[in-house]
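Build out the structure end to end from the sequences listed, making use of the hints.
Number of protein chains: 2
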Amino acid sequence: MTYCLGISVKEGLVLAADSRTNAGVDYISSYQKLFDFSLPGERVLVACTSGNLSVTQAVVHELGQDIKMGASESLHSISTMYAVARYIGQKIRNIQKEDRTWLDQDGIKFQCNFLVGGQLPGEPPEVYLIYSQGNCIQATPETPFLQIGETKYGKPILDRTITYDSSLDAIAKCALLSIDSTMRSNISVGPPINMVLYEADSYEIRHRVQLQSSDPYLAKIRKYWESTLREATQNMPEPEWNRVSIDAEPDFSLE
Amino acid sequence: MTYCLGISVKEGLVLAADSRTNAGVDYISSYQKLFDFSLPGERVLVACTSGNLSVTQAVVHELGQDIKMGASESLHSISTMYAVARYIGQKIRNIQKEDRTWLDQDGIKFQCNFLVGGQLPGEPPEVYLIYSQGNCIQATPETPFLQIGETKYGKPILDRTITYDSSLDAIAKCALLSIDSTMRSNISVGPPINMVLYEADSYEIRHRVQLQSSDPYLAKIRKYWESTLREATQNMPEPEWNRVSIDAEPDFSLE
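So the protein sequences, as listed, match chains A and B.
Following our numbering from start to finish, the first sequence increments by one per residue and tops out at 255.
Following our numbering from start to finish, the second sequence increments by one per residue and tops out at 255.
Among the clues, some could well be false.
[What the hints assert, rightly or not] Lysine to any residue pairs mimicking SDA-like chemistry, simulated, CA-CA at most 20 Å apart:
| id | chain 1 | residue 1 | chain 2 | residue 2 |
| --- | --- | --- | --- | --- |
| 1 | A | Lys223 | B | Ala232 |
| 2 | A | Lys223 | B | Glu240 |
| 3 | A | Lys97 | A | Lys109 |
| 4 | B | Lys220 | A | Glu238 |
| 5 | A | Lys91 | A | Asn52 |
| 6 | B | Lys220 | A | Lys68 |
| 7 | B | Lys220 | A | Thr228 |
| 8 | A | Lys220 | B | Trp241 |
| 9 | B | Lys10 | B | Gln138 |
| 10 | A | Lys68 | A | Gln90 |
| 11 | B | Lys10 | B | Lys220 |
| 12 | B | Lys220 | A | Glu231 |
| 13 | A | Lys223 | A | Thr163 |
| 14 | A | Lys68 | A | Asp36 |
I should point out that these hints are in silico values taken from the structure, not numbers from a laboratory.
Encoded structure:
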């Protein structure tokens with residue numbers, strides 16, 4: 001599996017990804033899942049990937065090739081974020097045309113998801129999720145984050161803390177906690193964690209970080225978070241016990 | 001779906017369950033998932049259920065019938081927790097024998113999980129998870145909690161806070177948060193929440209609670225928890241940005 005996260009708030013964007021790829025539990029390895037295609041000063045474009053590694057690598061390769069070859073349509077030439085999302089979707093569909101039948105006949109799922117976030121001239125910063133089928137959805141102020149991969153473990157902290165008005169700084173820390181909680185609870189998600197923070201209208205990524213499992217900061221926030229949660233549960237008000245009694249007898253007796 | 005939780009620590013046990021049953025998202029209803037089969041003063045036995053409702057209801061009905069009929073083997077006569085777990089497993093297998101082929105032929109999964117926790121004379125308190133296949137596993141000091149149903153959302157908080165030495169009071173609050181976080185993030189888990197707290201060697205459940213969605217306590221802890229998490233992320237140390245740069249070029253270029 002993998003876990004990637006794209007968050008779009010008033011102040012800007014945060015994109016983050018783990019680096020684990022696994023085929024079952026007995027083949028686990030590390031691959032970069034976050035790629036920066038920005039042109040500093042002109043446009044910011046960051047993509048995260050999950051799903052079948054051969055598919056996502058092929059798509060990322062194609063994205064890189066179009067830029068290298070100066071193709072008329074590339075991440076360095078397309079003028080809207082929506083068009084960027086559709087363009088990536090088209091790349092996914094092209095790989096499907098090539099590989100799908102070969103994967104299907106051996107029961108291998110053609111499955112991949114992309115997150116792409118950034119800002120193009122004259123547009124606000126945006127984040128899109130692109131599906132295996134090539135269609136896409138966009139993060140909105142009501143739902144400012146999009147997740148791909150192993151999304152469940154890390155969702156509650158996002159649901160509980162993130163709003164469109166949250167500060168970028170707080171969002172970045174939430175994203176790290178969301179990924180770290182997932183790593184803690186599921187071996188299919190693992191370090192290093194790559195994260196970028198983008199301030200709206202700066203057209204340049206000024207904050208990026210890569211955290212290895214051995215990183216002292218990661219150890220520090222883990223310790224901090226666990227002690228904080230412990231303390232918070234200790235101080236939480238107690239339930240009023242014994243306001244009801246729960247029946248031994250099922251109330252749906254079949255007799 | 002459903003989400004149930006059984007926790008076994010030094011001081012005793014906590015069992016908790018939501019009450020949601022859904023067939024897809026367009027048929028959602030409430031059923032009790034936590035059943036108390038205790039004989040106060042003699043034995044404590046609490047079961048939680050997840051999976052196919054027709055299967056779990058049939059098993060719970062059988063468990064009740066054996067008690068009513070004074071069967072030689074019942075939850076009021078069996079003398080070890082392990083034997084109780086195997087006995088429930090046998091009930092599941094009996095229903096499989098009856099229903100399995102009929103469900104299979106229409107592509108309906110025969111799937112159910114049980115948690116059973118309690119204490120029988122001369123034994124420590126124990127919690128078991130019983131699978132659809134009738135086999136079982138037990139919670140241990142290294143892994144003091146067992147989950148069934150929609151388990152992922154609520155796992156990080158347990159992983160981060162619960163140890164075998166945690167106080168029952170803290171465990172109960174963690175269990176509520178774990179279930180409430182799941183309800184917040186996934187509509188297939190819903191109120192009322194039923195929870196029992198059992199103090200080791202008391203042979204009597206003295207603490208039980210049922211929380212409806214409208215319960216002011218549930219509203220209070222939600223507010224408390226969200227503000228606590230927000231504050232905690234605010235106060236969390238910042239990452240050291242820009243210690244690495246993330247390549248635009250995939251390092252696995254296919255050329």
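Each hint tested on the structure:
no.	hint	verdict
1	A:Lys223 / B:Ala232	13 Å, holds
2	A:Lys223 / B:Glu240	17 Å, holds
3	A:Lys97 / A:Lys109	14 Å, holds
4	B:Lys220 / A:Glu238	11 Å, holds
5	A:Lys91 / A:Asn52	14 Å, holds
6	B:Lys220 / A:Lys68	56 Å, violated
7	B:Lys220 / A:Thr228	19 Å, holds
8	A:Lys220 / B:Trp241	15 Å, holds
9	B:Lys10 / B:Gln138	15 Å, holds
10	A:Lys68 / A:Gln90	18 Å, holds
11	B:Lys10 / B:Lys220	29 Å, violated
12	B:Lys220 / A:Glu231	17 Å, holds
13	A:Lys223 / A:Thr163	25 Å, violated
14	A:Lys68 / A:Asp36	14 Å, holds
In terms of the numbered hints stated before, the structure departs from hints 6, 11, 13, listed from lowest to highest.
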